[in-house]
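Q: This is what each chain is made of:
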Amino acid sequence: MHDARGTRQAINFVLPALVFMAIAFLYPLAGVLGQSVTAADGALTFAGFVKLGSSRLSRLVLLNTLEISFMATLFTLVLAYPIAYHLAKQPPRRRTLLLILVLLPFWTSILVKSFAFTVVLGEKGTVNSIITLLPGIEHGPTMLFNRTGVMIGLTHYFIPFMVFPILSSLLAQSPDLAKAAQIMGSGSLRIFARITLPLSMPGVMAGSLLTFILSLGFFITPALLGGPKDLMLANLVDFYTRETLNWTLASAISVVLLVLSLLLIFLLSRIPGGRTVLGEAN
Amino acid sequence: MAAIERAVGPERTASSIFVSAMAWLGYFFLIMPSLIVLPMSFGNKFEMMFPPTSFSTYLFEQFLFEENWMDATVLSFRVAIGSTLLALSLGVPAAYGLVRGNYWGKKLVAMILISPILVPVIVIALGLYLYFTSVGLRGSEFALIVGHAVYTGPFVIVTCMAGMRHIDVNLEVAARIMGAGALQIFWKVTLPLLRPAMLASGLFAFLMSFDEIVISYFLSAIGSMTLPVKMFSSIQWEISPVLAAVSTLLTLLSLVICLIGASFQKKSQDSYRP
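So the sequence lines, in the order shown, correspond to chains A and B.
Counting in the numbering used here, the first sequence runs from -16 upward without gaps.
Counting in the numbering used here, the second sequence runs from 13 upward without gaps.
The hints are simulated quantities; they were obtained by calculation from the structure and are not laboratory data.
There could be a bad hint or two in this list.
Among chain A residues calculated to face chain B with C-beta under 10 Å, some are [unchecked claim]:
id : residue
1  : TYR10
2  : LEU70
3  : LEU84
4  : LEU87
5  : LEU116
6  : LEU117
7  : PRO118
8  : ILE120
9  : HIS122
10 : PHE201
11 : VAL220
12 : VAL238
13 : LEU243
Simulated DEER-style distance windows between Cβ atoms [to be verified]:
id : chain 1 : residue 1 : chain 2 : residue 2 : range
14 : A       : PRO(-1)   : B       : MET190    : 40 to 48 Å
15 : B       : ASN80     : A       : ALA22     : 49 to 57 Å
16 : A       : LEU250    : B       : LEU271    : 31 to 39 Å
17 : A       : LYS162    : B       : LEU195    : 51 to 59 Å
18 : A       : PHE89     : B       : ASP180    : 44 to 52 Å
19 : A       : LYS162    : B       : MET82     : 57 to 65 Å
20 : A       : ILE166    : B       : LEU271    : 37 to 45 Å
21 : B       : MET190    : A       : LEU160    : 49 to 57 Å
22 : B       : TRP249    : A       : LYS162    : 55 to 63 Å
Bear in mind the structure is a predicted one, so any value in this text is a computation, not a measurement.
All C-beta atoms, glycine included, are put in the ideal place defined by N, C-alpha and C.
Just need the whole structure built from these sequences, with the hints factored in.
A: And the structure:
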């Protein structure tokens, strides 16, 4: 009989998707793994990984990637936490309205944002024309094609990813806790430091890890808003794939990126709040 | 009790004002790019600045008639529609099979179907690049559609699985008792009930595909640039003012799909619970 746990024949419904993912995802992915240890003449080689470990460029880019991802995560957290906190304090109807301000950028094409930032942050851009209005300042700071541009672009992209998990861990707290502390004489700063913040740590951890993971493989923002010193691993993959056609090296970098991401995702799935971020898939 | 609550009720302390100020600064930062491109798109071709000094629809006319922008837009629509239909036709049955199924290896199957979410997009893009290069299909519309379906498929599956959990399983049991087969139940009972979740996931898959850049960038060739790829090369090399008009249209598309999708999603969560 058909019971709540379901039937055996339901596997037939999964098969088409499974075959598709095997051909269009797993097989190409295995291709990357294979290519990373295959020389141009088809022989087995570890030259790609050796080059990765020994070349100054790739070590620099790896360090860059870790540093940019870490800083972007930090900036995102600093900007996203007050937004999530503010949203959590609003009555539901008002919260829904304000959430649009977070959701619209979430669904806006990254190219639209990148284009807007090239206009706003440029040498003669909006920000600099405002800054140079101030007395005594003739040249505004350079904010495009350098680390600042990458940071602004990445932070903007990741704020929604950070707001949602923090907001859900803030909303999960019972308002009675803060109220009880208030009645017993705690000030709002003390309530925040002793109750609200510690209880929202699962959201903070999940959002930060997610941001860090996504940022490791980022490609568009460093390419458009960064300079030559802001190359990240993904840009190197692009360079070796399309410019120099060194597919072995491109694949080796991808494998490093893949392993790094999977390790962090495993960590994410271990922490409370991490599972909701990863989707209800499992 | 009420007296106490009134006494300790919401207070406007310096710290709460500070938090609000920080939050509004954040909202402004988030929404600023969208606010910038809108007035800029009504400027003219000689200035690339905000705020613009004159009003014209010149840039929209440029978008419609110049420099292959329309070709790229049409290709993006075709790829987005194709990949969404592919992702739905594979993903909806898969979601059904994962939620209603009970067989050996189900966890592993779910893991495989969702795994593209867990892999950095650049790695997927490289894999598809090598694969489609080796079979000589790189740069084809087919390759783009398949690549985007890999990318959007897992989201369709996750959304529809959530939708499935809101459907009362007893309706399917009733159909089975009355003699319906597995396919008939899926087609006549489950699918109609799943329609809001399907529409929501379809809309979001469409938008994800339409805006997708990394996979498209690796799979595109000179003659097969999607709109985001064309925008990417335009920002990188020339910064054409037409970008402002394209950005306005894309922002409107996101807004519309977002609002419609959210209403479907809400519908799929509200109904069907006895």
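Q: Hint by hint, note whether the structure agrees.
A: The hints, checked one at a time:
1. TYR10: Nearest chain B Cβ about 7 Å off; hint holds.
2. LEU70: Since chain B brings a Cβ to about 8 Å from LEU70 (chain A), closer than 10 Å, the hint holds.
3. LEU84: 5 Å, holds
4. LEU87: 6 Å, holds
5. LEU116: At 14 Å from the nearest chain B Cβ, LEU116 (chain A) fails the 10 Å test, so the hint is violated.
6. LEU117: 19 Å, violated
7. PRO118: With a minimum Cβ separation of about 22 Å from chain B (threshold 10 Å), the hint on PRO118 (chain A) is violated.
8. ILE120: 19 Å, violated
9. HIS122: With a closest approach of 17 Å, the HIS122 (chain A) hint is violated.
10. PHE201: With a closest approach of 8 Å, the PHE201 (chain A) hint holds.
11. VAL220: For VAL220 (chain A), the interface hint holds, since the closest Cβ of chain B sits about 5 Å away, which is under 10 Å.
12. VAL238: Hint on VAL238 (chain A): holds, closest Cβ of chain B at ~8 Å, below 10 Å.
13. LEU243: 9 Å, holds
14. A:PRO(-1) x B:MET190: 40 to 48 Å: 27 Å, violated
15. B:ASN80 x A:ALA22: 49 to 57 Å: 39 Å, violated
16. A:LEU250 x B:LEU271: 31 to 39 Å: Given range 31 to 39 Å: holds, Cβ gap about 36 Å.
17. A:LYS162 x B:LEU195: 51 to 59 Å: 55 Å, holds
18. A:PHE89 x B:ASP180: 44 to 52 Å: Violated: the Cβ-Cβ distance is about 32 Å, outside 44 to 52 Å.
19. A:LYS162 x B:MET82: 57 to 65 Å: 59 Å, holds
20. A:ILE166 x B:LEU271: 37 to 45 Å: 42 Å, holds
21. B:MET190 x A:LEU160: 49 to 57 Å: 51 Å, holds
22. B:TRP249 x A:LYS162: 55 to 63 Å: Since TRP249 (chain B) and LYS162 (chain A) have Cβ atoms about 58 Å apart, the given range 55 to 63 Å holds.
The structure fails hints 5, 6, 7, 8, 9, 14, 15 and 18 (numbered hints given earlier, in ascending order).
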